[in-house]
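Construct the entire structure; sequences and hints are all you get.
Anchor point for the sequence shown: position 22 equals 1119 in the working numbering, and the numbering is continuous, going up by one each time.
Treat the hints as calculated values from the structure; they're not laboratory data.
Certain hints may be false.
[As the list claims (entries may be wrong)] Simulated restraints on C-beta separations: (1) S1216 / L1138: 34 to 40 Å; (2) S1216 / G1171: 19 to 25 Å; (3) A1127 / A1157: 20 to 26 Å; (4) D1114 / T1139: 36 to 42 Å; (5) P1141 / P1104: 15 to 21 Å; (6) I1208 / T1153: 22 to 28 Å; (7) E1209 / V1146: 34 to 40 Å; (8) N1129 / D1180: 29 to 35 Å; (9) H1123 / I1208: 44 to 50 Å; (10) D1180 / V1125: 16 to 22 Å; (11) D1181 / V1125: 24 to 30 Å; (12) E1209 / Y1174: 15 to 21 Å; (13) L1101 / D1180: 31 to 37 Å; (14) P1112 / T1139: 20 to 26 Å.
Quick caveat, the model's predicted, so the values are computed rather than measured.
We treat Cβ as the ideally placed atom computed from N, Cα and C, and that holds for glycine.
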Amino acid sequence: YEGLSQPLWVQLRVPRDAAPGLYTGHLVIAFNSTGLAPLMLTVPVNLTVWNITVPTIRDAKFSTIFSFTYSQLGHYYGGNLTDDMKKKYFSFMAQQRIPGDTMYLSQLRPIEDYQILASEGAQWMNLIEVNFAANPGTKISSLS
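Here it is, written out as structure tokens:
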């Protein structure tokens, strides 16, 4: 396994009603690849839960924008972007308290996308790229 690397994203979700304190456990990572001996790693995990509650995206009193768009997901999944994948993306972003929106829109999204964003708690949504707004003569394509 020397010289091999693999990024890993670990997400620990803390229930909103979790008692404050130190929580301990372990993460087991199993790796099995053709031609290599199976490998299992155990990594200790310590998590401190503080006596605060971070607001949901629906309850937040702040706004932000994130520039990774779901259209890029199609690139990572071989151009096979489904409606289910978009819904999961919007939901994942909302769980991280990040609006699943972008400021780089050259055309309006399908109305269903705005409905999904709203159902996930998004309070603000971009309708048009900021650069287009700065150039009043620029036309956007259409509202689906």
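Hint-by-hint comparison with the structure:
| no. | hint | verdict |
| --- | --- | --- |
| 1 | S1216 / L1138: 34 to 40 Å | holds (39 Å) |
| 2 | S1216 / G1171: 19 to 25 Å | holds (22 Å) |
| 3 | A1127 / A1157: 20 to 26 Å | violated (37 Å) |
| 4 | D1114 / T1139: 36 to 42 Å | violated (29 Å) |
| 5 | P1141 / P1104: 15 to 21 Å | holds (20 Å) |
| 6 | I1208 / T1153: 22 to 28 Å | holds (24 Å) |
| 7 | E1209 / V1146: 34 to 40 Å | holds (37 Å) |
| 8 | N1129 / D1180: 29 to 35 Å | holds (33 Å) |
| 9 | H1123 / I1208: 44 to 50 Å | holds (46 Å) |
| 10 | D1180 / V1125: 16 to 22 Å | violated (34 Å) |
| 11 | D1181 / V1125: 24 to 30 Å | holds (29 Å) |
| 12 | E1209 / Y1174: 15 to 21 Å | holds (19 Å) |
| 13 | L1101 / D1180: 31 to 37 Å | holds (36 Å) |
| 14 | P1112 / T1139: 20 to 26 Å | holds (24 Å) |
Of the hints listed earlier, those the structure fails to meet are numbers 3, 4 and 10, in rising order.
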